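Engineer: Respectively, the protein sequence lines represent chains P and W. If you count the first sequence from 1, you need to add 755 to reach our numbering. If you count the second sequence from 1, you need to add 527 to reach our numbering.
Hints were generated in silico from the structure; no laboratory data involved. Please read all numbers here as calculations on a predicted model, not as lab measurements. The C-beta atom is built at its ideal place from N, Cα and C for all residues, glycine as well. Just so you know, not all the hints are guaranteed correct.
Here are a few chain W residues that face chain P, going by a calculated C-beta distance under 10 Å [claimed, not checked]:
id	residue
1	G618
2	F619
3	Q622
4	A625
5	L626
6	P639
7	T689
Between beta-carbon pairs, the in silico distance windows are [to be verified]:
id	chain 1	residue 1	chain 2	residue 2	range
8	P	V985	W	L596	45 to 55 Å
9	P	L978	W	K765	43 to 53 Å
10	W	S573	P	N799	41 to 51 Å
11	W	V652	P	N921	53 to 63 Å
12	P	E940	W	V652	46 to 56 Å
13	W	V652	P	I997	44 to 54 Å
14	W	T550	P	M989	27 to 37 Å
15	P	M989	W	E604	37 to 47 Å
DSSO-like cross-link-like pairs, simulated, lysine-lysine; straight-line CA separation at most 27 Å [what the hints assert, rightly or not]:
id	chain 1	residue 1	chain 2	residue 2
16	W	K612	P	K887
17	W	K572	W	K772
18	W	K712	W	K772
19	W	K724	W	K646
20	P	K887	W	K606
21	W	K657	P	K788
22	P	K887	W	K646
23	W	K612	P	K778
24	P	K778	W	K606
25	P	K970	P	K887
26	P	K782	W	K646
27	P	K971	W	K572
28	W	K600	P	K887
29	W	K606	W	K695
30	W	K646	W	K657
31	W	K600	W	K560
32	W	K606	W	K536
33	W	K762	W	K772
34	W	K612	P	K788
35	P	K970	W	K572
36	W	K606	P	K782
37	P	K782	W	K612
38	W	K646	W	K612
39	W	K646	P	K788
Now for the letters of each chain:
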Amino acid sequence: MNGLRTYFLETGQLSLFAFRYFKEVFKMPFETKELLRQCFLIGNKSLFLVIVTGFIMGLVLTLQTRPTMMDFGAEAYMPSMVGIAIIREIGPVITALICAGKIGSSIGAELGSMKVTEQIDAMEVSGTNPFKYLVVTRISAATLMLPVLVIFADAIALLGSFLVENVKGHVSFQLYFGVLFEHLEFSDLNPSVIKSFFFGFVIGLVGCYKGYNSKKGTSGVGLAANSAVVMASMLVFIVDFIAVLISDIFYNL
Amino acid sequence: MNAADNDQKILIEIQNVHKTFGTNAVLNGFNLKLYENENLVIVGKSGSGKSVLLKCIIRLLTPDSGNVLVLGKNIPELKQNELDKIRTQVGFLFQGSALYDSMTVRENLEFPLRRHPEKLIGHDVDTLVKESLQSVGLEHTIDLLPEELSGGMKRRVALARTLILRPKIILYDEPTSGLDPITAKEIIQLILDIQKKYDTASLIITHDMDTARVISNRMIILIEGRDYATGTYEKLSKSEDPKIKAFFK
Ligand SMILES: Nc1ncnc2c1ncn2[C@@H]1O[C@H](COP(=O)(O)OP(=O)(O)OP(=O)(O)O)[C@@H](O)[C@H]1O
Ligand SMILES: [Mg+2]
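Only chain P is shown next, with the shape it has when bound in the complex (with noise of 0.2 Å):
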């Protein structure tokens, strides 16, 4: 009973954090510098992981599926098959949870220990709107940069498939990616980066919101990171659900 009234009410508090942030983002004076620091900062940070998964990705998921493959003598799809399910699915979800881990954490951690050594509420008393310049830029950075993210990691899971089947399949370049773009379509695309634009959405919210409303103490710092962490992974699924019935209803898949 009491868990479900903690769940009703953290809801609650999130959804008037995001209002408060799309009420602030269009508000003059924009922290157009800071922006730009965050966008550097997300992408630099999460770069290397998010090149290494998806390599992984790509290999693993083109070993797995190559022996099932040549059972039903389908080896000539297989570019499009693992090519497919990496665009519309695994590299977004992947990438999301990756930086649902790094990002999510370290804007939660930053921002509690900044509230908790009080260095929110000294921005606040030089009359500086924090929220403007703390979390609206954290969430707009983690917002632009999480594509761009997911199309790295497309990118490099679809190489490292394509060396799988080179190897073992000896399918040349451009036989691979010719049957690749063959079959691949806007409707595989568009869905997939504009839901990736939604999971930077709630990894920063979930972020912000956790450090912002961190309670005193060192713990109060490592509390929300955790659940930054744990309470973004959870949206970016819920998130990845709602897509998928949203595409279906547009794309009819």
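Assemble chain W with the ligands onto chain P, guided by the hints.
Structural biologist: Chain W with the ligands only, in chain P's frame:
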């Protein structure tokens, strides 16, 4: 209160302020007047609500009832932009310095200035940053990060950051806590120097009676959420009231 007080301008007036957290009644009808050019010290035990009181003055917390008049404006009723204007005229030195730890000393000082260009009054940012650091004697730390500074240096940089907007009033939350006696003395001297140089009024919170003795023109003793006693250090130190005496041991 002596007769001279009546001619002086009141910068802050707190009237009958109450603040309760859950069942914990922290402020229980507190009153205070801060005059121009004055150093008013508030002493009280740990947890008696000193920080809460300061936070009510600049609306980091909102009192449950009562008036908080700063430079003639009632703080709890102000709109955000009016409040921000008042806030630039009231400096706040936090108990833990609260320097922005991802920024260098220079960026820490520039931060409030860049967001209030009206405070530049013809100077450029760089000059004001250097001048402000100079007045706390830390020009050489300009490109360091807060983590590279000692506790005393942090306190001074925080003071420089407060000074840069040329506040009329500075609120100090335990300016000497956590510092060794020598550094504490330096900070006290600095507070006095700054007051002379910039003509500010100060509201200083402390539980250290040495600080109170050196720095105060007037003192208020905070007990049970009220302004239990008011007066000069000399007057209060001669009091026979056991509750007041306990502070002067
Ligand atoms: N945001 C808050 N929420 C709930 N209770 C609070 C809050 N801030 C302060 N309190 C409570 O108010 C009381 C007074 O706290 P305050 O920080 O003002 O003490 P203080 O006099 O500054 O003590 P110290 O000298 O140790 O700094 C404490 O009991 C504290 O638990
Ligand atoms: Mg305190």
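Engineer: Take the hints in turn and mark each one as holding or not.
Structural biologist: We went through each hint and held it up to the structure:
1. For G618/W, the shortest C-beta to C-beta distance to chain P is roughly 8 Å, which falls under 10 Å, so the interface hint holds.
2. Hint status for F619/W relative to chain P: holds, with the closest Cβ pair at about 5 Å, below 10 Å.
3. A least Cβ separation of about 8 Å between Q622/W and chain P falls short of the 10 Å threshold, and the interface hint therefore holds.
4. Satisfaction of the interface hint for A625/W is found here, the shortest Cβ-Cβ separation to chain P being roughly 4 Å, below the 10 Å cut-off.
5. Given the 10 Å rule on beta carbons, the hint for L626/W holds: about 7 Å separates it from the nearest Cβ of chain P.
6. With 10 Å as the threshold, the beta carbon of P639/W comes within range of chain P, its nearest partner Cβ sitting at about 4 Å, so the hint holds.
7. With a least beta-carbon distance of about 8 Å to chain P, the hint placing T689/W at the interface is held under the 10 Å criterion.
8. A beta carbon spacing of about 46 Å between V985/P and L596/W agrees with the range 45 to 55 Å that was offered as a hint.
9. The beta-carbon spacing between L978/P and K765/W, approximately 50 Å, falls within the hinted interval of 43 to 53 Å.
10. In this structure the hint that S573/W and N799/P lie 41 to 51 Å apart at CB holds, the actual value being about 44 Å.
11. Between V652/W and N921/P the beta carbon distance is about 57 Å. The supplied range of 53 to 63 Å therefore holds.
12. The beta-carbon spacing between E940/P and V652/W, approximately 54 Å, falls within the hinted interval of 46 to 56 Å.
13. For V652/W and I997/P, the Cβ-Cβ distance of about 47 Å falls inside the hinted range of 44 to 54 Å, so the restraint holds.
14. At about 35 Å, the CB distance of T550/W to M989/P agrees with the hint of 27 to 37 Å.
15. Distance hint check for M989/P and E604/W: the Cβ-Cβ separation is about 42 Å, which falls inside the suggested range of 37 to 47 Å.
16. At most 27 Å may separate the alpha-carbon atoms for a hinted pair to count; K612/W and K887/P meet this at roughly 17 Å.
17. Only pairs whose Cα atoms come within 27 Å are accepted, and K572/W paired with K772/W is accepted, the gap being roughly 13 Å.
18. For a cut-off of 27 Å, the pair hint linking K712/W to K772/W stands: about 24 Å separates their Cα positions.
19. At roughly 18 Å between alpha-carbon atoms, K724/W and K646/W fall within 27 Å of each other, so this suggested pair holds.
20. With a C-alpha separation of about 17 Å, the suggested pair K887/P and K606/W falls inside the 27 Å cut-off, and the hint holds.
21. Pair hint K657/W plus K788/P holds up; C-alpha atoms about 23 Å apart against a cutoff of 27 Å.
22. For a cut-off of 27 Å, the pair hint linking K887/P to K646/W stands: about 21 Å separates their Cα positions.
23. Between K612/W and K778/P the CA atoms are separated by roughly 22 Å; this keeps the pair inside 27 Å, and the hint holds.
24. For the suggested pair K778/P and K606/W, the alpha carbons sit about 17 Å apart, so the restraint of at most 27 Å is met.
25. For the hint linking K970/P to K887/P, the alpha-carbon distance of about 21 Å falls within 27 Å, and the restraint holds.
26. Of the pairs offered as hints, the one joining K782/P and K646/W holds, with about 22 Å between alpha carbons and a cut-off of 27 Å not exceeded.
27. Between the alpha carbons of K971/P and K572/W the distance comes to roughly 21 Å, so the proposed pair stays at or under 27 Å and holds.
28. This hinted pair checks out: K600/W and K887/P have alpha carbons roughly 26 Å apart, not beyond 27 Å.
29. At most 27 Å may separate the alpha-carbon atoms for a hinted pair to count; K606/W and K695/W meet this at roughly 21 Å.
30. Pair hint K646/W plus K657/W holds up; C-alpha atoms about 15 Å apart against a cutoff of 27 Å.
31. With a C-alpha separation of about 14 Å, the suggested pair K600/W and K560/W falls inside the 27 Å cut-off, and the hint holds.
32. A threshold of 27 Å between alpha carbons decides the hint, and for K606/W with K536/W the separation of about 24 Å falls inside it, so the pair holds.
33. Distance hint between K762/W and K772/W is fulfilled; the C-alpha atoms sit about 11 Å from each other, no more than 27 Å.
34. Of the pairs offered as hints, the one joining K612/W and K788/P holds, with about 24 Å between alpha carbons and a cut-off of 27 Å not exceeded.
35. Distance check on the hinted pair: K970/P and K572/W sit about 24 Å apart at the alpha-carbon level, within 27 Å; holds.
36. Distance hint between K606/W and K782/P is fulfilled; the C-alpha atoms sit about 17 Å from each other, no more than 27 Å.
37. The suggested pairing of K782/P with K612/W holds, with an alpha-carbon distance near 18 Å, which does not exceed 27 Å.
38. For a cut-off of 27 Å, the pair hint linking K646/W to K612/W stands: about 11 Å separates their Cα positions.
39. With a C-alpha separation of about 21 Å, the suggested pairing of K646/W with K788/P holds against the 27 Å cut-off.
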